[in-house]
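Asker: Chains as they are written, first to last, in the numbering used here: chain A, 70 to 404; chain B, 915 to 1451; chain C, -9 to 277.
In short, the hints are calculated from the structure, not lab data. Check before you lean on any hint, since a few could be wrong.
What the hints assert, rightly or not - According to the in silico footprint, chain C covers these stretches of chain A (three or more CB under 8 Å from chain C): (1) 165 to 172; (2) 251 to 265.
Stated by the list, open to error - Reference listing, derived: stretches of chain A covered by chain C, where coverage requires no fewer than 3 residues with Cβ under 8 Å from a Cβ of chain C: (3) 220 to 232; (4) 379 to 389.
Stated by the list, open to error - Selected chain C positions facing chain A (in silico; Cβ < 8 Å): (5) G84; (6) F121; (7) V163; (8) I164; (9) I232; (10) S247; (11) F248.
Given the structure is predicted, the values throughout are model-derived calculations rather than measurements. For glycine and all other residues, C-beta sits at the position ideal for the given N, C-alpha and C.
Chain by chain, the residues:
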Amino acid sequence: MIAFITRRLLLLVPVLLGVTVVTFTLTRIIPGNPIDLMVSPLASAETRERIAENAGLNDPLWVQYFRYIGGVTRGDFGDSFVTDQPVLADLTSRFMPTFELTLFAMLLAVILAVPLGIASAVWRGTWIDHVSRLLAVFGVAMPVFWVSLVAIYVFFFLLNWLPAPQGRIGVIITPPATITGLYTVDALLTGDWKALRSSVQSIVLPASVLAFAAMAPLARMTRASMIEALDADYTRAARALGLSERSVVFRHALRNAILPVITMIAIVYGYLLGGVVLVENVFAWPGLGRYVYNAIASSDYPALQGFILYSTTAYVLLFLLVDILYVILDPRVRI
Amino acid sequence: MRQYKKPIRRGALVLSAAVIMGVTGATGANAQSDENTLIVAVSRDLQNVDPTLTSGNINTWEFLTNVYSWLIDYEIVTRDDGTRIGDPNSFVGSLAESFEWNDDGTTVTFHMRDGLKFSNGDPLTAESVKFTFDRLFDQQGVTVGNMALAEVPDKHHIELIDSDTIAIHLDRPNALLFGNMAQAGNSILNPNVVGPHMTDDDPSAHEWLKSDSRGTEQGPYRLESRDPGNQYVLVRNDNYFGEPAHIERIVFQVIPDPSSRLAQLVSGAVDIALELPTIDVPALEQNPDITVHRNTSRSIAYIGMNNEVAPFDNKLVRQAISYAVPYDTIVNDVMNGYAIQLKSPIPLGTPGHADQFFVYSHDLEKAKALLAEAGYADGFSTVFEIPIGSQEAKETAVFLRQSLGEIGIDVQIQELPGAAYFEKIQKHELVFFFTNFWISINNDPFYHVYWKFHHSCCNYANYSNATVDDLIKTHTISTDMEAQNAALQEIQGIILDEAPWVLLYQPQHILAMRSNIKGYVFYSADEFTRYQYLYKE
Amino acid sequence: MPTSLPYMREKATSFFHWCRRNPVTALGFGIILGLGILGILAPLIAPYDPYALNPRERMQAPSWNHLFGTGIFGEDIFSRVLHGIRIDFGIGIGAVVIGLFTGSTVGIIAGYYGGKIDEIFMRLMDIVAAFPGFILAMAIAGVLGPSIPNLIIAIAFVNVPVYARLSRSRFLVIRNSLYAMAARGVGASDFRILTWHLLPNSLAPIFVQSTLQCGWAILDAAGLSFIGLGVHLPTPEWGVMIGLGVPRIITGQWWISFFPGLAIAVTVMGFNLIGDGLQDLLDPKRR
C-alpha cells in the first residue's frame, strides 16, 4: 500500500512541474505590465525602473521561472501585486470560504442525488426515473451564474426571504470565533445564534445553486452503476438465494455501485471549482474564485500563478485520494 | 422604475436551509449598527498604504487621509445653505499651528503645535517632520514630483530650525506649494516606529508601511485591524490634536459589487456606501431612510484621441467626432443627469474656466461633412478602449459606437483589465479611449493644464502645441493675475479648436448614507470623506 | 429513382418510428434544428436591429412591443437573443471543431506511432487535463484578451485531451482489427490507412462526444463572457447579455438576464439530449 502511494506521489512530480511551466508561461504573456500596479502613475522613470529591478521583472524569463520554482518549493508563491500580501497567505485566507461553500454544495448534492439515482435505477422507466432524468438534463444545461441570478431575484426581490448577496455573513454580524474556519460550524459550536442565522442565510443560495449543478452528473452516475450492479450475476445470485429486494439493493448492489460514484464525486468537485468562480462573483463570496477573477482582471501574475498551482495541486491530490480509496474499497484492484 | 422594497423580513426560511442546518426561525432584519460604530461599504480592500508610494485607489487614499494629518490643511467654510465644505483654495495650519511666508515668497516657516502625539503616545515634533521629508525625498516616490513642481527639488530645501519650527525653501516663489502639500503624500511619520523598519535593502521602510500604519498615525483615526479582502477597521485616535472624532469605530466592509453595496445600504446593514451607480441614485433620493449628498466635482471625463496616430492626427477627424457624440444622452442617460456637460478642458470650479469656446453639439450632418473634408467620406474602423468594470465607461462606449456608426466610423469596444489599461494609458499607447479618473487635487488651472496638455506623464492624448507650451511655461508661476487669465483664455480657445479630446462631463460627487448620519463635510479638492465630522442622530 | 412516392412515404414513416422510439433524442434534434433555423432567419424575423439603442425606452418590462423587454441601453432583448443564436452556436461548434481536429490528430498520431511519441504526447495531455477545465480556459482567455476567436481557442484547448484520449483508444482498438490488417496486406501506405480506413471507423463515438461537448463549450463560453473575458460589447452574445443585467437583478428588472440565460439552457439541453440519445444508440447497455 505504502509503495503504491509513494509511486503515485512520484508520478505527480512531472505533472506538477508541467503545470508550473504552463502557468508560468501563461502569466508572462498576459498583456499589461505589473509594474504599473506597484508604483504610482506619477512616479519617475527611475523609480519605476528601480522597483521593477527589485521585483526581478527585468531578468530573463528562465531566470524568473527558476526563481519562481525555487520559491514554490519553499512555500513562497511571491507577493500579490494587488494586495501586496504573500500569495500563499492570500490563498490560505480565502480557502476556507470556498471550502465551506463547496463542502455544503457537495453534501447537499450527494444527499439528494444518490438516493435519486438509486430510486431511478430500482424503479427504472417509471415516473421517478423520468423526473430524475429531466432534472439531470436541466441541471447540467443551466448556467450556474444564471441560476444564481434567478435565485436572487426570487428569494430576495420577490419573496424577501433571504438577504441580497452579502458574502459569508451579514455585514454587521461579527463572525463567530474561529474553531474550524467554517462560519456555520463555528457559530454552531460556540452557540452564536446570530452568526449562525446570518451565515446560514448567506450560504443557502450559493450552495444550493452549486449543488443543483453538481446533482445531475451524480444522479446519472449513481443510476448507471446501480443498473449495472443490479443486473450483475452476483445480484442475481443473491436474489436467487431468496434475499429480500431491500437487502439486494442496499447490501449487495449499492456496495458495488458506490465506487464509480466516488470517482464521479471527485470529478464533480473539480467541475465545481469552475462554477465557484462564477457563483462567488455573483454572491460576493470572499473566496478563491473571486480572488482569481480579480487577479486576472488586474494582471496579478503571482496571484494567478499561485491560484492555478494551488487549485490544480488540490485537484490532482483529490484524484490520488480517489485512487487510494478505490484500492481500499475494492479488493479486486491489485496493487 | 420600481422602488426598492423595504426590507420587511417575513418569518419564513428556505427549506434547504432547514435541511442543511436544522435551523428554523425568521430571518430577522439586520439590526442597525450602534451609534458609536459606522459601517462603510467600499468597493475594494486597501492596497499599498505607504503614503508616499501608494498605488492610490480611492479608498486607500481616503484611509490615509483619515489616519494621517499634514502640516497644513484646507479651511472649512460654511456655505450659504448652511452646509460646510473644505475650501480647496484656502489653507490653515493643521499639525503646524501657524505658518508664515518671508517677504519674497521663497521660504515658508511652520510652527508646530504644542504637545502633539502619535497614536502610540510618542511625541510629534519638527524632528518628525524633517524625518518624514528626508524619507520622502530619499524614496523618490510620488510626492517628490509635486514638491519639485512647486520648486522644492530636494531634501536640503527642508530646514529643521528647532523642535518646534521647520522651514521649506522654494527656488522660485509660486502659488502651488500648499495645494501640493495638503494631501496624504505629506503625512508626517513617526521615526520611532518607521525607523526600526528601515534596512539596507529597504531604506524607506516601504515593506512595513505598505501594509501597516499602527503607531505612526496622528490623524483623527488609527488602524485597529485588517482582515485582508474583507474589511479594515479604524478606531478613534485619542492622541489626535484636534476635536475628537464623534464616532468611535469605522468598519470598512469590502463589497466589490455595486448592486450589493446598494442593497446593503437600502436594507440598513451599512451606514454609507461608496461608488454607487448613478442609475440607482433617483430611487435613493426618494427613499426617506437615505440621504444623498451631491456636490459638484472637478473630476473630468473625456474621450482621448491620440493626436499623433492616424486618423486622429487629423484635426478635422477629431472635430468630426466631437460633433458626432450624443452629449445629451451621455449626460442624461449614462450619467442619469448627475453630471454637467464638460465644456472646457479646465473644469468648472477651477479658476480661469471658460465655456464660450465650446462650439460642438450632436450634429451628424456637420460631422459627416468634416469627415469627408478630412478625406474619410467612407469612414474608417477603429477600436475604442475602456477599463473593465466601469458602468459609465461601458454605457458611454455603447452609445458612442452607435453615433459614430451613423457617420461611417465602425467602432469595436475593447474592455481592458485594470493593469493593461493603466499601463497603456501611462505609456500613451491608447489611441481612442475613455478616461474619467482625473482630478487635479491642486485646484490651480496651470497645474491642471500642465499635467494634461504639456509634455507630461499625464498628457495621455499626446497633445502638442507650441503656443500652449509657451503660455504654460511663461505663466505657471507668474504672479500677474491678469496675464495669467488672458493666457488661460487663449489656451482654452486653442485646445477646443484643435479638439484633442472629446469633452464629456464633470460628474457630481455622490455619497449616499443612512439619513440618521449627519455632519458630512465635502472636500472638493480630493473628494475624500473626513469621517471625524460624522455623527449619528 | 428513389424519389418515388412510396419510397418517400417509407422514409417518412421510418423517421416517425424512430422519433417515437427515441422521443427525447428527437426533442433534442428538434430544439437544435429549430434554434438553428431561427438563427439563420434572425435578420428577417428579429423585430429590431440587435445593436439599436433607444435610451428613451430603457429597461422596459416585456410587452407586445418588446417581447423580452428592453435592456439598459433600451435595446430589444428578443432581437438580441435571436441574433445571439448565431454567435453562441458559432462559438460552441467552432471550439468543438478545433478541439476535435487538434485532439484527434494528437491521439491518432500517438496511437499510430506508439512508443516514445505516444508516451510524450499522452503525458502532455495528462498535464493539460490536470487543470480544472474552466479555470484553465479562464487563464488562457485572460492571457489572450477578450475576443471571439480567443474564446474559441481557450475552450478548444481545454478539450483537446478529451479527444486525444478518445481517438487514441478507439484507434488502438481498430488498428488491430481485420480491415486494417487487410489494408496493410494489400500494401496501403500508413497515411492512406489512417485517413481512409481508420479515421471513419473511429468517428461515431467521437461524434457523440462532440455533440455533448458543444453544450459544454457554449456554457463555458457564456461563463467566460459573463465575467468579461469573452466577446466585445455590445455583441449580442448570451453570456454578455446576462452580465449586463446583473446589477439590475436586485432592483427587479429580471428580464434583462433571464431570457438570454433561458436561451443558453435550452440550447445546451438540446445538444445534451442528442448526445445522450446517440450514446444510448451506440451502447444499448446504457439504457
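Asker: Okay, the segment 379 to 389 of chain A and chain C, do three or more residues pass the C-beta test at under 8 Å?
Answerer: holds (count 4)
Asker: Should the interface hint for C:I232 be scored as holding, given a Cβ-Cβ cut-off of 8 Å against chain A?
Answerer: holds (6 Å)
Asker: Do three or more residues from the segment 251 to 265 of chain A put their C-beta atoms closer than 8 Å to C-beta atoms of chain C?
Answerer: Result for this restraint: violated, n = 0.
Asker: With a cut-off of 8 Å, does the beta carbon of C:V163 approach a beta carbon of chain A closely enough for the hint to hold?
Answerer: Since the shortest Cβ distance to chain A is 21 Å, the answer is violated.
Asker: Against chain A, is C:S247 within 8 Å by beta-carbon distance?
Answerer: holds (5 Å)
Asker: Given C:F121 as an interface hint, is its Cβ closer than 8 Å to any Cβ of chain A?
Answerer: OK, holds: C:F121 within 8 Å of chain A, min 5 Å.
Asker: Are there at least three residues in the segment 220 to 232 of chain A whose beta carbon sits under 8 Å from a beta carbon of chain C?
Answerer: holds (count 4)
Asker: Count the residues of the segment 165 to 172 of chain A whose CB lies closer than 8 Å to any CB of chain C, then report whether that count reaches three.
Answerer: It is violated, with 0 qualifying residues against the three required.
Asker: Hold the hint about C:F248 up to the distance rule: shortest CB distance to chain A must be less than 8 Å.
Answerer: Holds: closest Cβ of chain A sits about 7 Å from C:F248, inside 8 Å.
Asker: If you take the shortest Cβ to Cβ gap from C:G84 to chain A, is it below 8 Å?
Answerer: violated (19 Å)
Asker: Restraint: C:I164 near chain A, CB-CB cut 8 Å. Satisfied or not?
Answerer: Status violated, d = 25 Å.
In summary, the numbered hints that this structure violates are 1, 2, 5, 7 and 8.
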